[in-house]
Each structure stands twice: as structure tokens, then as C-alpha cells.
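Peer 1: Got chain Z; can you put chain F on it based on the hints?
There are 2 protein chains.
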Amino acid sequence: MYEGVVQDLIDELGRLPGVGPKSAQRIAFHLLSSDPADITRLAEVLGKVAEGVQFCETCGNVAEQEQCRICRDERREPHVICVVEESKDVLAVERTREFKGRYHVLGGALDPLSGVGPDQLRMRELLARISSDEVTEVIIATDPNTEGEATATYLVRVLRDFPGLTVTRLASGLPMGGDLEFADELTLGRALSGRRAL
Amino acid sequence: MYEGVVQDLIDELGRLPGVGPKSAQRIAFHLLSSDPADITRLAEVLGKVAEGVQFCETCGNVAEQEQCRICRDERREPHVICVVEESKDVLAVERTREFKGRYHVLGGALDPLSGVGPDQLRMRELLARISSDEVTEVIIATDPNTEGEATATYLVRVLRDFPGLTVTRLASGLPMGGDLEFADELTLGRALSGRRAL
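Read top to bottom, the protein sequences are chains Z and F.
Using the UniProt record's numbering, the first residue of the first sequence is number 1, and each one after it goes up by one.
Using the UniProt record's numbering, the first residue of the second sequence is number 1, and each one after it goes up by one.
With the rest of the complex left out, here is chain Z (with noise of 0.2 Å):
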């Protein structure tokens, strides 16, 4: 509808996730009037992100170097792996800054529907590291949803047979802060059967 550039424009921006043809529109005619630099400064980092992106070779996590950040650092726990399917989920453990352990990203969860199996997810290094290094413990961090569970309980199958590791799963529950009476049945229902102690 517009002419040129700016309509390539509006089509780029739209095919992103989140952003309808109003959001692109309303972003193209932001960039429009920005600075040249701002713009370059996106199309480059686009372009670098083109060439592709660095991941770690011990664990999977996105990474500036052969081993991200994290692998590099002494002073994490090498016998603890907490394994979750994406960079963004290493992120959210970190946040609580409860973990001191590695992590292994698997790159996704199994969904045998959309062709998705073990081998195209990255078992065979958590398998490898599991043999190699003194690892004493996995702890399961996949989505608590459908594919994250069967990923869960693959790995439990397959984690079974190496003698001396335990294997763990973050516990389900209430999360917190929230309301009982709001909370899904499925939710309670674990909160339930997960109860502790005290």
C-alpha cells in the first residue's frame, strides 16, 4: 500500500512474531524519523545474527566464546546439571540465584507431531557429560507442560542407568504469591500430591 522501501518495511516488521500490521506500521514510521545510526546499529546486529550466532560446546547456551560464561566459570559446581530446553530458561534459573551448578540446554522438547525426537534435541552430550565429568545430579527443568513432561520422563528412562546419579524434577505447586482459589485443578492438583512436611 505504501511505496518502495517503506512498505518492504512494514512486510519485514509484520512477519516477526507479536507485531501485527499496525505495530509494524507504527514501527516503520518510528524508524522512519529516527536517527540513521539507531537503524544501522539494528540492520548490523541483524546481520551479525545472520552470519550466526555462537553456542556453547559443553552446554548449548548461546555464548560469545567456544564455552559460554557460565562453563567457563571455576567456580560453578561441575557435578550439579540442570537441564532446560532453551537459553532463555538458563536465564530464569540464574535469576533466582539459587543455583550454583551448570546447565545443558537441550535446544527444545520432544514433540514426535512436529519431528522433533531425541536425536534432534542434544541428549547425547547431557549423555556424554554425564559419563565424562563426576556428575552426581540432574536436575529436570523442562516445561511444565506436555512436551517438557515427556522430556522429563525420557530422561528419567535413560538417566536410570548411570550408577550413583540422582535425578530430579523442580517441584509443581502453587507458584507463589498467587491465590488458591484462582489456581487451575491441574496445578492444585500437583500442589497436592507434592505436599511437604513441615
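Some hints could be false.
Stated by the list, open to error - Interface residues of chain F toward chain Z, partial, derived using beta-carbon atoms under 7 Å:
#, residue
1, L42
2, A50
3, A63
Worth flagging that the hints you see were computed from the coordinates, not collected in a lab.
Where is the CB? At the ideal position from N, CA and C, for every residue including glycine.
Peer 2: Chain F only, in chain Z's frame:
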């Protein structure tokens, strides 16, 4: 919080209007798993926008050539000019399919507090067009808000001196499909004072 280029991407995306930190992260991780060709296309179009977008020499609309599509179109009535604030307003009027004249894009509205006076808008170009072309009507289609109304008032005062020129303003009133009960008092007042004989 992320390492390297991923955090740069999230930062740059987060600067766009309407894109908060969560959306920026979601878009960034979407791009990380996208086809590099798609990312490159977005980067390239941004690069073109940074180099500068062309505006129509006559009306100030975004254009691919020296003249925009509408100014090049011989079938458009040259005697009627619809004055709007932005290029997106041209598109809004075009969508009505009711207007067969030409446009003039001011590039904003008068807003002295933000330093936007007549010299910051394409006012001089408008007066030149009215003087040279045989313009018989100017339709003021600035936004019905404080700045738009101020701009309309200014235009009426300036254009009053042109002999044989009719100056009109878009009607204010109840939006179609709306509900009288929920109309704000300003809109309903305008609808009353602008009532038409049937």
C-alpha cells in the same frame, strides 16, 4: 544478561516503540531459529531505510521516485488538495475511495511546546502549490486533537487571503457504528453543532 550479539539484538529490538523487554527477547529467539535469508532481508531493508527514504517533491508523501504515485496519476483532480499530517493519513483517506484529488503531507502538526512551528512543517510548499496550480479547494484533514485543531486554525487564517479558494475541514461527529450513549461530550457536542438538514 545474555552473551554477545544476542543481548545486542534484544537491546536494539527493545528500543522500538511498543516492544518491551519480553517481546524483544521473544523476537530475538524467534530470529535465532529463523532462516538466515529472512534475517538478512530485514537487515537489508533497514539498511536502505537508514540511507534515507525518498519523499515526493510535490506533496511530501513517501515515494519511490521524485513524485509519488498519486502526484504522477493524471486522473487525480489537481484542483482539490487534501492536507494531512503524515503519510499514513494519506493511506487512511485513500482507503475510503471517496477522494479523487491530491494530497499535501505537512510532516506533523503545529506543537509550539515541542518546537514545531510553521517552518518545521511543509507549509511554504503548500502555499506555493496553491499559488501556482489552479487549486479551488483545500480540505484540512489534520487530526481532531489539540495539535491538529491548532494546525487547522492556522491554515484557515493563512489560506483566507487566496481569492476563489474554498477551505473546508473534515466533519467531526459520531463515529459510524458507534453508540450515542458512549460518545464523549466533545464528540457529541461537535455532532450537535454540525447537524445537517435532511
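Peer 1: Look at each hint and say if it fits the structure.
Peer 2: The hints, checked one at a time:
1. L42: holds (4 Å)
2. A50: Holds. Min distance 4 Å.
3. A63: holds (6 Å)
In summary, this structure violates none of the numbered hints.
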